[in-house]
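Chain A is already provided as a structure; the job is to place chain B on it using the hints.
Which chain is which? The protein sequence lines are A and B, in order.
Each residue of the first sequence is one higher than the last, beginning at 4 in this note's numbering.
Each residue of the second sequence is one higher than the last, beginning at 4 in this note's numbering.
Worth flagging that the hints you see were computed from the coordinates, not collected in a lab.
Among the hints, a few may not be true.
Identical chains blur together in the list; that is why a pair holds if it fits in one copy or across any two.
Unchecked claim - Below, in silico cross-link-like pairs of lysine-lysine (DSSO-like), each with a Cα-Cα straight-line distance of 30 Å or less:
id, residue 1, residue 2
1, K133, K292
2, K292, K46
3, K292, K54
4, K46, K288
5, K133, K18
6, K182, K54
7, K349, K54
8, K54, K18
There are 2 protein chains.
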Amino acid sequence: MPSHFTVVQKDSATKARLGRLITAHGEVETPCFMPVGTQGTVKAILPRDLKEIGCQILLANTYHLYLRPGHDLIREMGGLHRFMGWDRPILTDSGGYQVFSLATMRKITDDGAQFQSHLDGSSHLLTPEKAVAIQEALGSDIAMVLDECIPAEAARAYVQVSTERTVRWAQRSLRARGKSDQLMFGIIQGGLFEDLRRRCVEDMAQLPFDGFAVGGLGVGESEAQLNAIGSFTAGLLPADRPRYLMGVGRPQDVLAAVRAGFDMFDCVIPTRNARNGTLYTSTGKLNIKRAEFAADRRPLDEACDCYCCVNFSRAYLRHLYMAGEILSSQLNSLHNLYFYHRLMDKCREAIRAGGAGRWSQIYASLDAG
Amino acid sequence: MPSHFTVVQKDSATKARLGRLITAHGEVETPCFMPVGTQGTVKAILPRDLKEIGCQILLANTYHLYLRPGHDLIREMGGLHRFMGWDRPILTDSGGYQVFSLATMRKITDDGAQFQSHLDGSSHLLTPEKAVAIQEALGSDIAMVLDECIPAEAARAYVQVSTERTVRWAQRSLRARGKSDQLMFGIIQGGLFEDLRRRCVEDMAQLPFDGFAVGGLGVGESEAQLNAIGSFTAGLLPADRPRYLMGVGRPQDVLAAVRAGFDMFDCVIPTRNARNGTLYTSTGKLNIKRAEFAADRRPLDEACDCYCCVNFSRAYLRHLYMAGEILSSQLNSLHNLYFYHRLMDKCREAIRAGGAGRWSQIYASLDAG
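If we strip away everything but chain A, and leave its shape as in the complex, we get (with noise of 0.2 Å):
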């Protein structure tokens, strides 16, 4: 049994576990959500708030702080979590998912991933050493290895190529890793195909990772795709250690992955829909721009007391969405990084109680809209 990850309890109806994880800045119950703090800031709140709201834990981009500010300057002061005034845990990203998505001029070889920087088209070899020493220097209390994040329509002879050069990359990640107080997970890929997820795992199993992430989903798949790769590769993977579902997604989706024993998430969906206007409710998403909202002196969700809800109407927040203003984000963001982990405790409680009504009542919830 790892020391720093325990399974409390598991559900009767479904997969889904109650867990606590163990880190260099303290404890996560698991099934947790993270924001996503991409630049080494969740957007538009204060780090105070965040720990309001309840957040146990956040992300931040090795791809993003690497190239600005550098993670030479962070180590120098001090480490992320004093630069960015945060002392709770924090979970890193390789960078791979990002040279995907954002850089330009990409080229994957085995020694790693080439890319030019989206900011200012300077080259830059980024290798599973590099993405460990980067983390360290950045001192998260978790770091994921390298791996190549392929797009949902890629090919099997590549997904297979692809995922082998992952579990290459991985055993390098381990062998490169210098710090006895960051935990380190690997990564399940092997895109949509079902035997190449199964050899991935049997492959990552092996190697002596504190968690198991699964990647390459949420990237163009379909609802049932992702939940049926998701699931089964949850089924897959060590019951003892988390299990973390990358990138990972509209509340629906994190219900799904949490039933199938999926323990960790992140996504910038309840942030960046905020900024957006979108926002999510306990009868449905709702878009505040619209016209309905001008007079509507209700709150966002009257079923929400966070302080957005409690103290400011539709009309107002539409009023502000409309202005440009700054506040429209802070508040958005407020309440959908509210709702996400409101949604998260009652997963727990599900799990605690026990009963598989609880499920159906969480499910009732995000269906009402």
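Same frame as chain A, now just chain B:
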């Protein structure tokens, strides 16, 4: 003696005074600074954080709220306080300054100010009566009369005509008044001409206003002119009513005006500068985007105990600014407003202490940089 304003103490060394202003939403200790909440929000600041900073009263812009979302909507929503989630006092300007600075195709007649909206080009007529009606719909604690704000370089003949009109508009505003729990302030114009300022005060001081503002400064004149005309006019105003220097200014301007006997101030400088990276500290102004701060571990201001200075380094603030993060505007605005509010605290303490030495200490803290 008016019941809404009391001069609690006069400074021994200057004309500064400590006062208590009573409004429908509570008391304000003067001298006070009012952050500007143009569109019904002090940009990038949650109302609860404004309270934490010590903000007693804020200013909102009639021109902006009239155009969007509209004063009728705000009245329907229960008034501006409820709409924007702010239960402390609000002063609304009359819209005159924005007609002068933002609107196009202005035409000023005795009737009022005809202008085209800067948002959609629509035509509007703002009369003294309309300005009162809008501010009553907004439900502010203090309403300002409509005035014509003229540029510093205006010719004497025009200033005279315009100022006489401003007095007639003030009389019409009082007649239009229909709300007993809203204070109304007259505005002194007269440009840079002492005799016209004096004549305007003589006319206005006879009218039953609850306070008097000095307008038409901070619009292009020199610092010497601002101080001379400001101080001259303050000395003419009734001592038993609050004196408000509109739209001024930099910390040193506010300090000079407090010493000349002004009680109230508003300015976009702290918040606008914050968003542009210009920050006030006890050792002078600094621009956070400068490369010299890239690896600077120090807080913005080592003498400051605001949330920003307690938790973050200059290096982090520079990173946020360079990365275009919303958190940059949030933290910078928090700090600059905190700085202004502490400056007002120091002014009130100096008056209370009654020692001239205090003023030179405050000056020294501003001059250091």
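Hints and how they fare:
Taking the shortest alpha-carbon separations for K133 and K292, only the inter-copy value of 29 Å comes in at or below 30 Å, while the best intra-copy value is 44 Å. Proximity of K292 to K46 under the C-alpha cut-off of 30 Å is found in both arrangements, the shortest distances being 20 Å within a copy and 19 Å between copies. For the identical chains of this complex, K292 and K54 are neighbours both inside a copy (28 Å) and across copies (28 Å), given an alpha-carbon limit of 30 Å. Both within a single protomer and between protomers do K46 and K288 lie at most 30 Å apart by alpha-carbon distance, with minima of 21 Å and 26 Å respectively.
In the homo-oligomer, the alpha carbons of K133 and K18 never lie at most 30 Å apart, since the shortest distance is 36 Å inside one protomer and 65 Å across protomers. Taking the closest pair of Cα atoms, K182 and K54 come within 30 Å of each other only inside a single copy of the chain (27 Å); across copies the shortest separation is 43 Å, beyond that limit. In this homomeric assembly, K349 and K54 come within 30 Å of each other (Cα to Cα) only inside a single copy, at 18 Å, whereas the closest approach across copies is 33 Å. In this assembly of identical chains, the alpha carbons of K54 and K18 lie at most 30 Å apart only when taken from the same copy (29 Å versus 47 Å across copies).
Of the hints listed earlier, the one the structure fails to meet is number 5.
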